[in-house]
Amino acid sequence: MSFTVMLSKLSEGMITSVLIFTLTLLISLPLGLVVALARISKNKPLSAFTRIYISIMRGTPLMLQLLVVYFGPYYLFRIPLASGYRFWAVILAFSINYAAYFAEIYRGGIESMPIGQYEAARVLGYSESQIFLKIILPQVFKRIIPSITNEVITLIKDTSLAFSIAVTEMFTVAKAIASSERTMVSYIAAGIFYYVFNFIVAFVMERIEKKLNYYH
Amino acid sequence: MKKTVTLSIAILLIATVLFSFSLVSADGETTLVVGFDQDFPPYGYIGEDGEFTGFDLELAAAVAEKLGLEIVYQPIAWDAKDMELDSGTIDLIWNGFTINGREDKYEWTEPYKDAGQIILVKADADVEALTDLAGKVVAVQTDSAALQALESEDFAELTASFANLLVVDQYNTAFMDLEASAVDAIAMDVDVAYRKNNTASDSNSATPNCVTQFKPRWKKLSRTAPSLKFLKNGSATTFVPSASARRMLNKKNASL
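First to last, the sequence lines map onto chains A and B. Residues 1 to 216 (our numbering) are what the first sequence spells out, left to right. Residues 1001 to 1256 (our numbering) are what the second sequence spells out, left to right.
Hints in this document: simulated from the structure, not taken from any laboratory. Predicted model only: the values in this text are computed from it and were never measured. Please note that the accuracy of each hint is not assured.
[What the hints assert, rightly or not] A few chain B residues facing chain A, derived, Cβ under 10 Å: (1) ILE1046; (2) GLU1084; (3) THR1089; (4) ASN1100; (5) GLY1101; (6) PHE1175.
Using N, Cα and C, we set each Cβ at its ideal position, and we do this for glycine too.
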């Protein structure tokens, strides 16, 4: 296999990986905030439910969650599966898994805000929703960016788990080329692909962090 | 800035929709979705040109053509093959799949290839017979025919003599282990072993070389041509094939 063929196969896989990555972030980042708010809400059943949700998502392997999300409809409800569901099952499983982690990061950020800020805002006549949206949340984002960056970088590397339900992302392609060609080159190429992508992600996150650094 | 964001999200959504349309479902009406392990040369693997190829995949393509179905190659995680088959996301498994010992688990074609299991050691290893494997580390692929043989009663004594029977996820890992001397031998399918050996980098003197044959006392398969009266999942035992799969099978059987 020529090097160009190998690279084009790997890029195909990379497109899948990047799609998983982007869609997961688009869903799980907002979802995580919702979960975090439910988790700290005064509504006891809601808070208990999200606590259990987070506990399960963090306490079981992502690979198992993928299998359950994909094959669950068939084994539990006998709904025949369409192959197009594979990709969406990956997005769904990744999103609900990462949302749980993001939720805890958001919660940490929200609870780190000093009570004095709430009190001061109330004195100034802000409503509760204004306090949260205009005063608390912007500061939360500033604080949690480094932790979010960590998770985001882990996510692109976790995409390799998608093949447990037969979505062929880049690492799977690299493995298949390695076994048909008896070569380590595809692994090295895959490593470089991941590194470059994560380098870009880290760079972008750093820029965002700097941009948000407006009080200093 | 806002425009760029909106635009890129729109592009992403379009790409995703197109992408998911390109995944064909195993409806069994117009397509034949073949589930296979893409890490398994020479039966199914990525060829020189980057397309899927292999002994079994070419055969599957010929069958699909004869049936007037469009073939779809679906690489699957081998561990999940039963779930894939049960849930109807693939129509059949076709990938150097050993029948012996699994007769009741699936509905099979007529056997058409007499494979065999061998023990592969490095060229300079002091292993001539199976008894020399005592105290050695032997690698074997998970869920493989070789593993099944080694775990059977027939080879219990042999397996017990190993220092360790190391179960790896794919043969390529075993090969790397063997070259790096982390394992002493690999128990594997003969065709896979020979192909691996032929494509191995020639300059490497440590290139694993043959080969001690170990012949599981399985009944000999007849070398018949494939009858092409094809697979569906476990009839008597646990699972019912999906309605679409059944339709496909009926259609197929009628056309052959």
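Evaluation of the provided hints:
1. Below 10 Å, beta-carbon pairs count as interface contacts, and ILE1046 (chain B) has one with chain A at about 5 Å; its hint therefore holds.
2. A hinted interface residue such as GLU1084 (chain B) counts as satisfied when its beta carbon comes closer than 10 Å to some beta carbon of chain A; here the least separation is about 7 Å, so the hint holds.
3. Hint on THR1089 (chain B) holds. Least Cβ distance to chain A is approximately 5 Å, under the 10 Å limit.
4. Because the beta carbon of ASN1100 (chain B) sits about 24 Å from the nearest beta carbon in chain A, more than 10 Å, this interface hint is broken.
5. A distance limit of 10 Å between C-beta atoms decides the matter here; for GLY1101 (chain B) the minimum to chain A is near 24 Å, and the interface restraint is violated.
6. A cut of 10 Å between beta carbons decides the hint on PHE1175 (chain B): the least distance to chain A is about 7 Å, and the hint holds.
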